[in-house]
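What follows is the residue order along each chain.
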Amino acid sequence: MKPFTQHEGLVAPLDRVNVDTDQIIPKQFLKRIQRTGFGQFLFYDWRFREDGTPDPDFVLNRAEYRQASILLARDNFGCGSSREHAPWALQDFGFRVIVAPSFADIFYNNCFKNGLLPLRLPGEVVDRLFAEVQRRPGYRLTVDLESCEVRDGQGWKTGFDIDPFRRESLLKGLDDIGMTLSKEMQISRYEQKIPGYMVPTEA
Amino acid sequence: MPKTLFDKIWERHVVDEEPGKPPLLYIDLHLVHEVTSPQAFEGLRLAGRKVRRPDLTFAVVDHNVPTTDRNLPIADPVAAEQIETLARNCRDFGIRLWDLHAVEQGIVHVIGPELGLTLPGKTIVCGDSHTSTHGAFGALAFGIGTSEVEHVLATQCLPQSKPRTTEVNITGRRRRGVSAKDVILALIARNGTDFATGSVIEYTGEAIREMTMEERMTVCNMSIEAGARAGLIAPDETTFAYVKGRRFAPRGEQWEEAVRDWKELYTDPGAVFDRRVELDVSTLAPQVTWGTNPGMGTDVTGVVPSPEDFADEARRRAVERALQYMDLKPGTPITSIRIDRVFIGSCTNSRLEDLRAAAAIVRGHKVAPHVRAMVVPGSGLVKRQAEAEGLDRIFREAGFEWREAGCSMCLGMNPDILQPGERCASTSNRNFEGRQGRGGRTHLVSPEMAAAAAVAGHFVDVREWF
Ligand code: SF4
Numbered sequence: 016m017k018p019f020t021q022h023e024g025l026v027a028p029l030d031r032v033n034v035d036t037d038q039i040i041p042k043q044f045l046k047r048i049q050r051t052g053f054g055q056f057l058f059y060d061w062r063f064r065e066d067g068t069p070d071p072d073f074v075l076n077r078a079e080y081r082q083a084s085i086l087l088a089r090d091n092f093g094c095g096s097s098r099e100h101a102p103w104a105l106q107d108f109g110f111r112v113i114v115a116p117s118f119a120d121i122f123y124n125n126c127f128k129n130g131l132l133p134l135r136l137p138g139e140v141v142d143r144l145f146a147e148v149q150r151r152p153g154y155r156l157t158v159d160l161e162s163c164e165v166r167d168g169q170g171w172k173t174g175f176d177i178d179p180f181r182r183e184s185l186l187k188g189l190d191d192i193g194m195t196l197s198k199e200m201q202i203s204r205y206e207q208k209i210p211g212y213m214v215p216t217e218a
Numbered sequence: 014m015p016k017t018l019f020d021k022i023w024e025r026h027v028v029d030e031e032p033g034k035p036p037l038l039y040i041d042l043h044l045v046h047e048v049t050s051p052q053a054f055e056g057l058r059l060a061g062r063k064v065r066r067p068d069l070t071f072a073v074v075d076h077n078v079p080t081t082d083r084n085l086p087i088a089d090p091v092a093a094e095q096i097e098t099l100a101r102n103c104r105d106f107g108i109r110l111w112d113l114h115a116v117e118q119g120i121v122h123v124i125g126p127e128l129g130l131t132l133p134g135k136t137i138v139c140g141d142s143h144t145s146t147h148g149a150f151g152a153l154a155f156g157i158g159t160s161e162v163e164h165v166l167a168t169q170c171l172p173q174s175k176p177r178t179t180e181v182n183i184t185g186r187r188r189r190g191v192s193a194k195d196v197i198l199a200l201i202a203r204n205g206t207d208f209a210t211g212s213v214i215e216y217t218g219e220a221i222r223e224m225t226m227e228e229r230m231t232v233c234n235m236s237i238e239a240g241a242r243a244g245l246i247a248p249d250e251t252t253f254a255y256v257k258g259r260r261f262a263p264r265g266e267q268w269e270e271a272v273r274d275w276k277e278l279y280t281d282p283g284a285v286f287d288r289r290v291e292l293d294v295s296t297l298a299p300q301v302t303w304g305t306n307p308g309m310g311t312d313v314t315g316v317v318p319s320p321e322d323f324a325d326e327a328r329r330r331a332v333e334r335a336l337q338y339m340d341l342k343p344g345t346p347i348t349s350i351r352i353d354r355v356f357i358g359s360c361t362n363s364r365l366e367d368l369r370a371a372a373a374i375v376r377g378h379k380v381a382p383h384v385r386a387m388v389v390p391g392s393g394l395v396k397r398q399a400e401a402e403g404l405d406r407i408f409r410e411a412g413f414e415w416r417e418a419g420c421s422m423c424l425g426m427n428p429d430i431l432q433p434g435e436r437c438a439s440t441s442n443r444n445f446e447g448r449q450g451r452g453g454r455t456h457l458v459s460p461e462m463a464a465a466a467a468v469a470g471h472f473v474d475v476r477e478w479f
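So the sequence lines, in the order shown, correspond to chains G and V.
Counting with the working numbering, you get residues 16 to 218 for the letters of the first sequence.
Counting with the working numbering, you get residues 14 to 479 for the letters of the second sequence.
Hints are computed from structural coordinates only; laboratory data are not their basis.
Take these hints with a grain of salt, some might be off.
Which chain G residues stay away from chain V? Per the calculated CB distances, all over 12 Å, these [stated by the list, open to error]:
1) Gln21
2) Glu23
3) Gln49
4) Thr68
5) Tyr80
6) Val140
7) Arg143
8) Pro152
9) Gly153
10) Thr157
11) Glu161
12) Asp167
13) Gly168
14) Gly174
15) Pro179
In the PhoX-like style, the derived pairs of lysine-lysine whose C-alpha atoms are separated by at most 25 Å in a straight line are [what the hints assert, rightly or not]:
16) G:Lys198 - G:Lys187
17) G:Lys187 - V:Lys175
18) V:Lys257 - G:Lys17
We put the CB at the ideal spot given by N, CA and C, even for glycine.
Let the hints inform the model, and build the full structure from the sequences given.
Spelled out as structure tokens, the structure:
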């Protein structure tokens, strides 16, 4: 996995609560068997009108946000389906950080597996950031995972909390399957104690 | 110290714990389907890894499959490739697969319980958020992403930080025509789609004890729509009676041993949950959603709300947007909403009892002339049993389409989709924008409510039909 230490980028505001993974990547694009190439389908039904032309009103279609790599969002971002295609699509589109007051659990987990940082900030801070993006065209943020700090280059900054283990894994880009495999002895020992009835056998 | 049911299952599954790291949890059952697994198998191949426990891993095709004649080739080449990829992966890695032609084929969360793979006390995962369904048996069951699917395939374990716990205590006796679906829809409408985020719900109370296993599955299924990691119900005699004799269930002495173990699976008196929520269902009415998330719902006797009814600005805007998408005006009585389509199916409501309940309403009636209605049984075995009971005839005679098993119009990955602007009474679990087809409008309801709406052509209070 790609490590994540620090990221500086343009912020795009997606001012909606409960953005579900069906919106992030609609089901018709889940049939691909690769991990890549999902960016073109990100927010498909919002980005494109029924005739397939881009909807100029949708925030990610506006010229000033074309280069955005930080997505600013509202509560319960990523709810619904467990599809990991959602973080794949966000990342493939160019996002490295999603900022929101809260995230749905499975989506939150999935982001870390892909080097995408879901950054939880308090509701008031997110409100403030939405206001700043409105007020200052080209508003940028630096997200520093090493110092656990977000800065805007105009003197504003705030710290953030993140689970230390998740932080460490992102910073180092650790292979967590490899880490579990190194527990081979413990796993085998556990398996010896599993009651026989737990292993499915056919009548 | 008194423990919750969740604590007991959790503790039985910790393989390893190191300070500063999430505990490593053993997974007893891994269910796999075609949509969220190809990249996981690819990952294994690239790393030269094997599947650690093929005997604890079972695969089925459900999301993509056509629900029409199975002897015809699959029209969509991309779907066909995904289905074929699962077959190849299962062959290469030695995993049992129920393919398109197996009578056991069906929605992953329907077949696990039906085949006796889902057992109390197990940890169960699947690359699908509605894995919470299996919690109805007192199993700790949760949805995972594709990277985690790969992790479980390779190691049979998952590092998991311990979630919080929420007790949802459901009291009172439901009146006729008020189903388990109405209970869970009302719970989410009243508490929000994220009230249980980061936690495992245990459903307790007499209303839960009185439910059948299929009703409990409906409730646990939609726990994810409350944001929960999982939903749990303590196993009891109802559970044991359901499991006993199923194809993969323990037998003989192993059965006795299992039941002895399972009887320990309850929350000790005095155990503390992080949070407690109450719901009294004695006055509950059938529910209908009017918006674009499962929490945007109300009583069938109610009206479409106005954005002004909501205090918080972000919610107000969300409601405004939802009403626009759903093409509904504030103040419209729910029963005056006319529908075009009816879908009875999905892992929430496609089991035998659901089909029986819907058929009892439909019997002797005809689907309204402007409505297209379909029934998609949850599995081949459900379909076979329903046909043995003559339910298919009741539906067909009323004008319903009777389909092969699969996810179908729950998410519309196969050709079963809504056309833009079409309005559907659906027994599924998500009414997100475009979920059943771009521009389609979904109202979530119980099987009985869907059946009655099919006949009337608009929503009706099914209680008046008894
Ligand atoms: S029936 Fe619907 S919710 Fe259930 S597994 Fe299939 S797609 Fe998911």
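Evaluated hints:
Taking the minimum C-beta to C-beta distance to chain V, about 23 Å, the non-interface status of Gln21 (chain G) holds against the 12 Å cut. The claim that Glu23 (chain G) lies off the interface holds: its Cβ sits roughly 26 Å from the closest Cβ of chain V, which is beyond the 12 Å cut-off. Listed as a non-interface residue, Gln49 (chain G) fails to keep its Cβ farther than 12 Å from every Cβ of chain V; the least gap is roughly 7 Å. Interface exclusion of Thr68 (chain G) from chain V stands, the closest Cβ pair being 14 Å apart, more than 12 Å.
Its beta-carbon lying about 20 Å from the closest one in chain V, Tyr80 (chain G) satisfies the requirement of being farther than 12 Å from that chain. For Val140 (chain G), the condition that its CB be more than 12 Å from all CB atoms of chain V holds, with the nearest at approximately 15 Å. Once the 12 Å rule is applied to beta carbons, Arg143 (chain G) is consistent with being away from chain V; the minimum gap is 14 Å. Every CB of chain V is more than 12 Å from the CB of Pro152 (chain G) (nearest about 23 Å), matching its label as outside the interface.
Non-interface status of Gly153 (chain G) relative to chain V is upheld: no Cβ of that chain comes within 12 Å, the nearest being about 25 Å off. Remark: the non-interface label on Thr157 (chain G) is consistent with the geometry, its nearest Cβ contact in chain V lying 26 Å away (cut-off 12 Å). Chain V leaves Glu161 (chain G) outside its interface by the beta-carbon criterion, the shortest separation being 17 Å against a cut-off of 12 Å. Every CB of chain V lies more than 12 Å from the CB of Asp167 (chain G), the least distance being 22 Å, so the non-interface label holds.
Every C-beta of chain V lies more than 12 Å from that of Gly168 (chain G), the closest at about 27 Å, which supports listing it as non-interface. Under the 12 Å C-beta cut-off, the non-interface status given to Gly174 (chain G) relative to chain V holds; the minimum distance is some 20 Å. Residue placement check: Pro179 (chain G) does not keep its beta carbon more than 12 Å from all beta carbons of chain V (closest about 6 Å). For a cut-off of 25 Å, the pair hint linking Lys198 (chain G) to Lys187 (chain G) stands: about 20 Å separates their Cα positions.
Restraint check for Lys187 (chain G) and Lys175 (chain V): satisfied, since their Cα atoms lie roughly 23 Å apart, inside the 25 Å limit. Among the hinted pairs, Lys257 (chain V) with Lys17 (chain G) is inconsistent with the structure: their alpha-carbon atoms are about 48 Å apart, more than 25 Å.
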